[in-house]
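Chains as they are written, first to last, in my numbering: chain L, 1015 to 1474; chain U, 1015 to 1474.
Just to be clear, a hint being listed does not mean it is correct.
Which copy? The list can't say, so a pair holds if one copy fits it or any two copies do.
When the alpha-carbon atoms are kept at most 27 Å apart in a straight line, the in silico DSS-like pairs for lysine-lysine are as follows [unchecked claim]:
#  : residue 1 : residue 2
1  : K1108     : K1142
2  : K1419     : K1108
3  : K1302     : K1462
4  : K1419     : K1093
5  : K1417     : K1042
6  : K1390     : K1179
7  : K1093     : K1026
8  : K1425     : K1322
9  : K1093     : K1462
10 : K1425     : K1093
11 : K1332     : K1042
12 : K1469     : K1026
13 : K1269     : K1469
14 : K1108     : K1269
15 : K1322     : K1042
16 : K1055     : K1026
17 : K1072     : K1179
18 : K1390     : K1093
19 : K1142     : K1322
20 : K1269     : K1142
21 : K1026     : K1322
22 : K1269     : K1026
23 : K1269     : K1093
24 : K1269     : K1179
Bear in mind the hints are in silico, worked out from the structure with no lab data behind them.
Number of protein chains: 2
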Amino acid sequence: MSKEIPYKIYLKEEELPRYWYNVRADMKTDHCPILNPQTLKPVTVEDLEPVFCTELAKQELNATDRFIEIPEEVRNFYKMYRPGPLVRAHFLEKALGTPAKIFYKFEGNNTSGSHKLNSAIAQAYYAKEQGLTSLTTETGAGQWGTALAMACGFFGLNLKVYMVKCSAMQKPYRKAVIETYGAQVIPSPSDTTEVGRRMLAMNPDSSGSLGTAISEAVEVAVSTEGTRYVLGSVLNQVLLHQTIIGQEAKMALEKYDCYPDIVIGCAGGGSNLGGLMAPFMADRLAGKHAPHFIAVEPASCPSLTRGKFAYDYCDTGKVTPLAKMYTLGSGFIPSPNHSGGLRYHGMSPILSQLYHDGYLDEARAVEQTSVFEAAKLFAKVEGTLPAPESSHAIRVAIDEALKCKETGEAKTILFGLTGTGYFDLAAYMSYNAGTMSDYIPTDEDLQKGFEGIPKLEGIQ
Amino acid sequence: MSKEIPYKIYLKEEELPRYWYNVRADMKTDHCPILNPQTLKPVTVEDLEPVFCTELAKQELNATDRFIEIPEEVRNFYKMYRPGPLVRAHFLEKALGTPAKIFYKFEGNNTSGSHKLNSAIAQAYYAKEQGLTSLTTETGAGQWGTALAMACGFFGLNLKVYMVKCSAMQKPYRKAVIETYGAQVIPSPSDTTEVGRRMLAMNPDSSGSLGTAISEAVEVAVSTEGTRYVLGSVLNQVLLHQTIIGQEAKMALEKYDCYPDIVIGCAGGGSNLGGLMAPFMADRLAGKHAPHFIAVEPASCPSLTRGKFAYDYCDTGKVTPLAKMYTLGSGFIPSPNHSGGLRYHGMSPILSQLYHDGYLDEARAVEQTSVFEAAKLFAKVEGTLPAPESSHAIRVAIDEALKCKETGEAKTILFGLTGTGYFDLAAYMSYNAGTMSDYIPTDEDLQKGFEGIPKLEGIQ
């Protein structure tokens, strides 16, 4: 019997979703408004326009339209690498000896190596449509920078990527990919901005930080004609674009005649998990049968499991608006961890609200050595070398499948395999050599981060 | 209209070919027999058994069975990453402004990053079936080592990969991938073999060569219980396994209602091009309408375009049997070139014979800077960052499409996109920086190589 079940299902191109799904339109309680840090009033499209493309600013604040049409040019670009496969993890099930059915939605079949391209191409499209010529952004590990470079290369937009200096130095190949697609990589802090020069004057040897890189990218965007700033996670617009993941997964699961009992995703800024679970969350919010949702985060950066639900800055440099979210404090410095994409102090306001209200059922923090153990097993039996970020979801999917083995339940588990680990081999080398260690912040470490959360009279 | 044409076609899993196609069964003139270098008699299965798995030795010498059934376990493994997509290069056509229809068969959607996995899993399967416990191989650039490590990891076989020392040093991440799948990487020359120790005694600082690595891997295979040696190209068995590429491409093209006018593949050892063109060659050999076939090789290592059709050793160390093929001489050292997979002095005996007899219509040598120019354009418009090897085929596909632009012909062009360039970024960096140079061997350079071709009384 099991032999007749396909190993994977690719939807046809004509089945590619035509709309992104805006989960805010269905939420019982909308997330608290994003605040202008000067006025402490809810931000408006006008507030955001100097920084973001107008259409994206509108998407950011759109709480009412359930469906946003995917522009045809974006949909055509999607067809280069989408629909992505939904894979039945036959070999993993067999290796675990579990009665559970494990499925994963794979987003790594494109050169950016991850789901980031889904939002990058949309953001570049709106910039092009608005007649802009240039974009700026920051990148830490480099996935987002790569995805946006591909998108800007495609639409003929200039792109400046402020890349955290130590990362640019350690990962020359990431820099090389970005440059191959025609973007400019500027190690941050740099002498191209005021904030960069200030940082360099204070410390000429600074290895940089994501906070500084964001500040540099924003400064260039707001001070340069025809230029805007874009971001690869956390924002509502990004989560919106990523709902294509969940929609495809749901349609493909229907072809398997399956509905998930558990949906698992890694959560850094939250856009991947938010996108994967969105259409299933729609079922939950409509009062229908729905899966148990699990967000997986690194034990070293536990914003959902140990953070505070509070208004905070989205960046370390405190130049962004304030968002009500689960946060470790914008000054929290996560310990060295190989999942660069999950080292974020906060969490998407949408996911934060859903978690606060009990719709996102559970968050689980896992340690990186156990994550890499799961990653290696997965690579061996399912072929694909997973990204460390994605492997957080693999870890918990395996744990849930092993529970099923104990109880004899044949649950259907869906997880998001957000990307591949081809640029993360230093991490695998460290794990293979047995030199990787775990780190869990103490309550005191967290307390220091919490002290940086702004005290807002009458709001917080 | 063009919007209704799919950007890519994935066959269904049940359409995955059930047989490999043995083009030798249809060749008008079989290739000259492989000779035992001691006796100069055609090798037998018994001659090959100490080195190769028995079933693979049989496949190597099988000139009569048109179809070889793909074992079910291999076919199931294929389902992890196959059928591979056939892509209509809409965006490339548009960028070139050509009336040509360009299609490419993409083989890079797996962690080995190339088509090599198609043969690696088959070879590992037969080893497992024979009750062997271990395999040995060599790797230069690392793609083949990665593919075989994945295959051996899957079937639980031990694997020793002799990796050319300078490559192991320069590409620690390739080594890391191989080790992550559980294989052992031994920089060659090593002190684990007699030939390695001999090389080290002569030159302790030797950076190694493919020839030495092959000799080490073969020595370990023939001297260790339950162990055999495997190779990733050149051999008939490898070309046989790669025919899955062409069969899928042909079936998918039929769904597009297309038949190619031109089929283009890069050619190093020849297994990729051989596999891609095999089912179309069957048409040609049956006297039906068939495409124009073009083999593309680097100008720095021009075995088909400037080599001799002669009996020669398949390795630099002269430990292998003799094959009649286009060769630059087993001692020919190609100049530094970033396409490691194409730096081979010889060519598959099957392809050599087909080229000699005029069935493989044309061979074209291209220079690497023009190859990288094509690669960058392709990456920008079609998304995927191509491997340097594959980019040789892209270069010629673009050239043919531009000819169509001049003539107004709407030819159908099919080329093989064998893999991705994610581990070739040093090459892209060199091209981006403008420091990449071309090299074409002089007639004198070639003459030196030709002098190494053995003089075989009454045979050569």
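Against the structure, the hints come out as follows:
| no. | hint | result |
| --- | --- | --- |
| 1 | K1108 <-> K1142 | between (48 Å within a copy, 18 Å between copies) |
| 2 | K1419 <-> K1108 | within (11 Å within a copy, 53 Å between copies) |
| 3 | K1302 <-> K1462 | neither (42 Å within a copy, 77 Å between copies) |
| 4 | K1419 <-> K1093 | between (38 Å within a copy, 25 Å between copies) |
| 5 | K1417 <-> K1042 | neither (32 Å within a copy, 61 Å between copies) |
| 6 | K1390 <-> K1179 | between (30 Å within a copy, 26 Å between copies) |
| 7 | K1093 <-> K1026 | both (10 Å within a copy, 18 Å between copies) |
| 8 | K1425 <-> K1322 | neither (32 Å within a copy, 63 Å between copies) |
| 9 | K1093 <-> K1462 | neither (46 Å within a copy, 51 Å between copies) |
| 10 | K1425 <-> K1093 | between (32 Å within a copy, 23 Å between copies) |
| 11 | K1332 <-> K1042 | neither (30 Å within a copy, 75 Å between copies) |
| 12 | K1469 <-> K1026 | neither (51 Å within a copy, 58 Å between copies) |
| 13 | K1269 <-> K1469 | neither (51 Å within a copy, 63 Å between copies) |
| 14 | K1108 <-> K1269 | within (22 Å within a copy, 35 Å between copies) |
| 15 | K1322 <-> K1042 | within (21 Å within a copy, 76 Å between copies) |
| 16 | K1055 <-> K1026 | neither (46 Å within a copy, 54 Å between copies) |
| 17 | K1072 <-> K1179 | neither (33 Å within a copy, 56 Å between copies) |
| 18 | K1390 <-> K1093 | between (31 Å within a copy, 20 Å between copies) |
| 19 | K1142 <-> K1322 | neither (38 Å within a copy, 54 Å between copies) |
| 20 | K1269 <-> K1142 | neither (37 Å within a copy, 35 Å between copies) |
| 21 | K1026 <-> K1322 | neither (43 Å within a copy, 48 Å between copies) |
| 22 | K1269 <-> K1026 | both (12 Å within a copy, 13 Å between copies) |
| 23 | K1269 <-> K1093 | both (20 Å within a copy, 17 Å between copies) |
| 24 | K1269 <-> K1179 | neither (46 Å within a copy, 49 Å between copies) |
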